[in-house]
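Peer 1: Given next are the chains, with one letter for each unit.
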Amino acid sequence: MRLRVLIRLKPGIMDVQGTAIQRALAGLGFGDVGDLRVGKVIEVDVPGDSVDAARRRVDEMCRKLLVNPILEDYAVEPVVG
Amino acid sequence: MKFGVVVFPGTWSDCDFHYVVSEVLHQPVKYVWHRERDLSGLDCVILPGGFSYGDYLRAGAVAGRSPVVEALGDFVANGGVALGSCNGFQILCESGLLPGALMRNECLQYRCETTHLVTENVETPFTRLLRPGQVLTMPISHGEGKYQADAETLARLKKHHQIVFRYATADGQVTRAANPNGSIENIAGIVNEEGTVLGLMPHPERASETAMGGTDGLLILQSVLGSLVEDGGFLKR
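Residue numbers (my numbering), protein chains in the order written: chain A, 1 to 81; chain B, 1001 to 1237.
The reader is advised that the hints may include incorrect statements.
[Claimed, not checked] Straight-line C-alpha distance at most 16 Å; calculated EDC-like pairs for lysine to aspartate or glutamate:
#, chain 1, residue 1, chain 2, residue 2
1, A, K64, B, E1070
2, B, K1030, B, D1014
3, A, K10, B, D1150
[Unchecked claim] Counterexamples of contact, computed for chain A against chain B with all Cβ distances above 10 Å:
#, residue
4, L3
5, A20
6, Q22
7, G29
8, R57
[Claimed, not checked] To be clear about the criterion: a stretch of chain A counts as covered by chain B if any three or more of its residues have a C-beta under 8 Å from a C-beta of chain B, and this derived list gives those stretches:
#, segment
9, 43–55
10, 60–74
Simulated from the structure, these hints should not be mistaken for lab results.
Quick reminder that beta carbons are idealized off the backbone N, C-alpha and C, glycines included.
So that you can see chain A by itself, here it is in the shape it has in the complex:
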């Protein structure tokens, strides 16, 4: 089973990359773009058929390594198809 971890900077943490990209977009004629923030996607194959069990394992991976809770929030979702 494949699960996707979406990692985002927490609200309130300044995203300097996002700001730089937003400025570049403005230079390309997308000056109307609102807030823009950069995150990370990690896709991981976990053995087994139970979504709940797989989520629990990926949650544990996030707590132990994938996410730094001081800076980041995350969400886990199954990859369909």
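With chain A fixed as given, assemble chain B onto it according to the hints.
Peer 2: Leaving out everything else, chain B in the frame of chain A:
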């Protein structure tokens, strides 16, 4: 006094620290490979700068869970001291041995330049040779050195006098212009509550001989040396 210099794949300041401890400080020193868990016989463990494990995922994230860093918790609890510079500071934060986190410089640039640090806490094994307010000159060389901590952590750092160095002007003024990376409150280096683990973004090993342009970094290692007392423990002040 025996020093250990930890080597991860991608560490780059290991030889510099080894050289300074051995040839300038004249103390026994050995390299410690990242897979080792045995830190017995050492008094001070150094985590040097570099790009451990390529800094994949986050700077210091993978190294922060490595066998040698897992062993570092017990080493410190049993009376040892640990010093992390640059990537070493990132690793200490990622491992939880120090609070807070280091993130991308606010300017988005990799900064390689001379900085001035004002000393706030001289009651640690790393700073006991310094005066409060003393300004040290040391280089930085990093892209992810912006120290970040929430309000609660920051309050705790202040309560326990854990902020050791702040980026400042040459005359010791803590200003926004003197902050090279956007660190919260100009924080350049902190210790744990006990004062036995120091993490800082600047490179003391690159300011340890006159030929390097300055010797202020050596004061940190000399402080550690002067803090070890005969029973094998460390003076806090």
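Peer 1: Hint by hint, say whether it matches the structure.
Peer 2: Now for the hints, and whether the structure bears them out:
| no. | hint | verdict |
| --- | --- | --- |
| 1 | A:K64 / B:E1070 | 13 Å, holds |
| 2 | B:K1030 / B:D1014 | 10 Å, holds |
| 3 | A:K10 / B:D1150 | 11 Å, holds |
| 4 | L3 | 17 Å, holds |
| 5 | A20 | 6 Å, violated |
| 6 | Q22 | 13 Å, holds |
| 7 | G29 | 23 Å, holds |
| 8 | R57 | 17 Å, holds |
| 9 | 43–55 | violated (count 0) |
| 10 | 60–74 | holds (count 6) |
Violated hints for the displayed structure, listed by number in ascending order: 5, 9.
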